[in-house]
Amino acid sequence: MYTFSNRLKIASFILMAVGLIGIAVGFISAPSTVEEAKAIVASHDTHGDSHATESHSAVDAHNEHATVDAHDDGHGSSHDEHLLHQLQNKPWAALYVAAFFFMMIALGVLAFYAIQRAAQAGWSPLLFRVMEGITSYLVPGGIIVFVILVLSVMHMNHLFVWMDADVVAHDHLLQGKKGYLNPIFFLIRAAIFLAGWILYREYSRKLSLKQDESNDDSNFKLNFRISAGFLVFYLISESIMSWDWIMSVDPHWFSTLFGWYVFASMFVSGITVIALVTIYLKSKGYLEDVNDSHIHDLAKFMFGISVFWTYLWFSQFMLIWYSDIPEEVTYYVTRIQDFRLPFFGMIVMNFLFPVLLLMNSDYKRVNWFVVMAGVVILAGHYLDIFNMIMPSTVGNQWFIGIPEIGAVLFFAGLFIFWVFRALSKAPLQPKRNPFIEESRHFHY
Amino acid sequence: MASKVIHAYYNDDEVLMHAVKKVKAAKHHIEEVFCPFPVHGLDKAMGLEPTRLAITAFLYGCVGISVATLMMNFIMIEDWPQDIGGKPSFSYIENMPAFVPIMFELTVFFAAHLMVITFYLRSRLWPFKKAENPDVRTTDDLFLMEIEIHENESELRDLLAESGAVEINISEKNSH
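Heads up: the sequence lines are chains F and S, in that order.
Start counting the first sequence at 1; every next residue gets the next number (UniProt numbering).
Start counting the second sequence at 1; every next residue gets the next number (UniProt numbering).
Be aware that a few hints might be false.
List time: in silico DSSO-like cross-link candidates among lysine-lysine, alpha-carbon distance up to 30 Å [to be verified]: (1) F:K282 with F:K300; (2) S:K44 with F:K300; (3) F:K282 with S:K44; (4) S:K22 with S:K4; (5) S:K130 with S:K4; (6) F:K282 with F:K210.
Label-pair ranges, simulated between beta-carbon atoms [said to hold, decoys possible]: (7) F:S315 with S:K27: 51 to 59 Å; (8) F:V348 with S:Q82: 30 to 38 Å; (9) S:L48 with F:S424: 44 to 52 Å; (10) F:Y322 with S:R137: 53 to 61 Å; (11) S:P101 with F:Y444: 26 to 34 Å; (12) F:M372 with S:P134: 45 to 53 Å.
Keep in mind that the hints were calculated from the coordinates and are not lab data.
Virtual Cβ for every residue (Gly too), placed ideally from N, Cα, C.
My request is simple: use the sequences and hints to build the entire structure.
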């Protein structure tokens with residue numbers, strides 16, 4: 001039985017408190033009028049940022065034209081309006097990226113867990129309780145994401161441009177997508193997906209605990225069947241979720257393998273977190289039967305799915321880059337122009353780093369090596385979600401500053417608190433899992 | 001120089017593993033073990049060095065990606081930088097996404113094939129090579145342990161008989 005150590009609990013509260021302050025600072029410093037927005041951009045100019053100066057002179061050029069031409073005046077003010085919306089979006093987007101990132105970790109672990117059950121894997125039952133602990137975050141994390149989506153529908157922010165009736169009225173493309181992208185249907189879909197995931201999570205956890213007390217394997221068999229069923233539901237819902245929650249911040253753009261791409265990102269982050277939590281618990285002496293071979297297997301998954309993620313990232317990028325169709329390629333043009341460092345930096349972090357570090361069989365058994373690779377992978381996949389959301393919500397006004405870091409700290413604290421609280425509620429080793437003996441003696 | 005070797009036959013891999021550990025514990029040098037299939041953990045019990053084939057494969061992969069990069073950089077960028085369908089051929093990095101499939105394939109090609117050839121060379125396998133197994137039954141259902149004799153024939157014979165050998169032969173062996 002695991003007891004939630006006080007130090008970790010206090011650390012998670014501190015993370016939440018500091019994060020909350022960061023989030024509050026982000027919302028307070030967001031401009032509420034066009035003048036304030038211009039003042040923020042202008043104050044950045046005085047810091048000698050050459051790029052910002054350029055954009056500032058562009059604004060000036062607009063204003064000069066404005067005195068001459070009434071049409072340009074309209075354009076100039078719409079530019080300022082746009083800037084205001086981008087700056088107002090900043091704290092919201094920071095919150096949304098972090099909320100989604102941590103929810104996606106729990107969801108990725110849930111998918112991994114269901115796969116392990118459906119595949120009747122012999123090595124992993126020892127880690128089932130760790131996975132169940134991590135997936136417990138799906139309930140608060142999913143609800144927070146849902147609340148942010150509801151607030152977006154209520155026009156508290158401008159994250160999803162298609163939710164603005166004015167914009168849709170002037171946008172022929174968005175009118176064509178109205179049948180799918182309308183606020184009510186959007187929320188209904190989100191509710192169904194979250195309900196489905198949480199239902200499976202809670203039911204599977206219940207069966208898993210009941211199996212420990214029962215005299216036969218009926219709970220285990222039922223869990224096997226519902227896991228297989230869940231995977232079908234998950235595959236469909238995850239794909240649609242990625243269109244809804246991520247791709248629709250950029251409603252003019254579409255990509256067919258986007259669902260898979262988001263899946264790969266959440267899957268590898270989830271596996272990494274399983275490895276990190278397992279190593280932590282083992283270092284505290286709670287998982288005695290977990291040996292180097294279990295860590296080795298998790299590290300192999302981290303390695304393999306990192307490559308899988310890169311494969312999907314590259315397939316999406318290269319196909320669009322190669323054909324260079326204007327309506328598709330703008331997605332990457334904005335990212336390469338305004339997000340050069342995070343965009344290419346994440347490929348180094350998500351691909352080159354884990355591939356070179358985790359290729360060696362011996363390194364995969366060295367805990368601190370796996371932890372180091374895991375931290376870089378997690379940071380890389382945060383950047384991945386950052387790169388998906390930010391370009392179309394805040395554009396070239398992005399920065400990883402107080403609101404972004406604050407949101408990450410807050411959700412990290414909440415995640416740690418919730419996960420380790422759930423871990424302390426049940427024994428860390430399943431008793432009557434039919435594969436538990438095999439898992440205990442697992443050796444690679 | 002011809003030397004005498006002792007051949008101990010076993011009909012079970014578990015028994016063989018025990019025998020190997022016993023012979024190692026008695027500090028005898030095992031020349032060779034012949035098995036009809038891979039016995040898990042036998043290399044560890046015999047104390048064999050781990051293979052370095054994976055390291056060679058990594059290096060061959062590095063060769064492969066270098067060949068691909070140098071080749072395409074010369075052909076597509078330096079030698080004749082044509083405009084083919086508007087692809088930017090001013091520098092390698094600008095057109096790199098188009099080259100990645102080839103870079104990947106050549107990396108895998110070099111790593112895989114050169115490693116297999118290395119394996120053949122190191123384990124001396126080639127067509128028309130004369131088979132080396134001392135007894136045809138070792139490819140079917142018998143395991144054979146070969147130990148060189150240094151005036152300790154009866155001692156060895158006792159040890160091996162005790163370890164569960166079903167048959168023990170002494171034969172002359174020409175050292176290669």
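Checked hints:
At most 30 Å may separate the alpha-carbon atoms for a hinted pair to count; K282 (chain F) and K300 (chain F) meet this at roughly 19 Å. Simply put, K44 (chain S) and K300 (chain F) have alpha-carbon atoms about 23 Å apart, close enough for the 30 Å limit, and the pair holds. Proximity of K282 (chain F) to K44 (chain S) is assessed by CA-CA distance (about 27 Å); at most 30 Å being required, the pair is judged to hold. Taking the CA atoms of K22 (chain S) and K4 (chain S), the gap is near 21 Å; set against the 30 Å cutoff, the hint holds.
Taken as a hint, the K130 (chain S) and K4 (chain S) pair is honoured in the structure, with Cα atoms around 21 Å apart against an allowance of 30 Å. Taken as a hint, the K282 (chain F) and K210 (chain F) pair is honoured in the structure, with Cα atoms around 25 Å apart against an allowance of 30 Å. Look at S315 (chain F) against K27 (chain S): about 58 Å separates their beta carbons, and that is inside 51 to 59 Å. For V348 (chain F) paired with Q82 (chain S), a C-beta distance near 31 Å keeps the hint of 30 to 38 Å intact.
At roughly 46 Å, the beta carbons of L48 (chain S) and S424 (chain F) sit within the given window of 44 to 52 Å. Under the hint 53 to 61 Å, the C-beta atoms of Y322 (chain F) and R137 (chain S), about 60 Å apart, fit the expected range. About 33 Å separates the C-beta atoms of P101 (chain S) and Y444 (chain F), a value consistent with the hinted range of 26 to 34 Å. Against the hinted window of 45 to 53 Å, the Cβ-Cβ separation of M372 (chain F) and P134 (chain S) comes to about 50 Å, which satisfies the hint.
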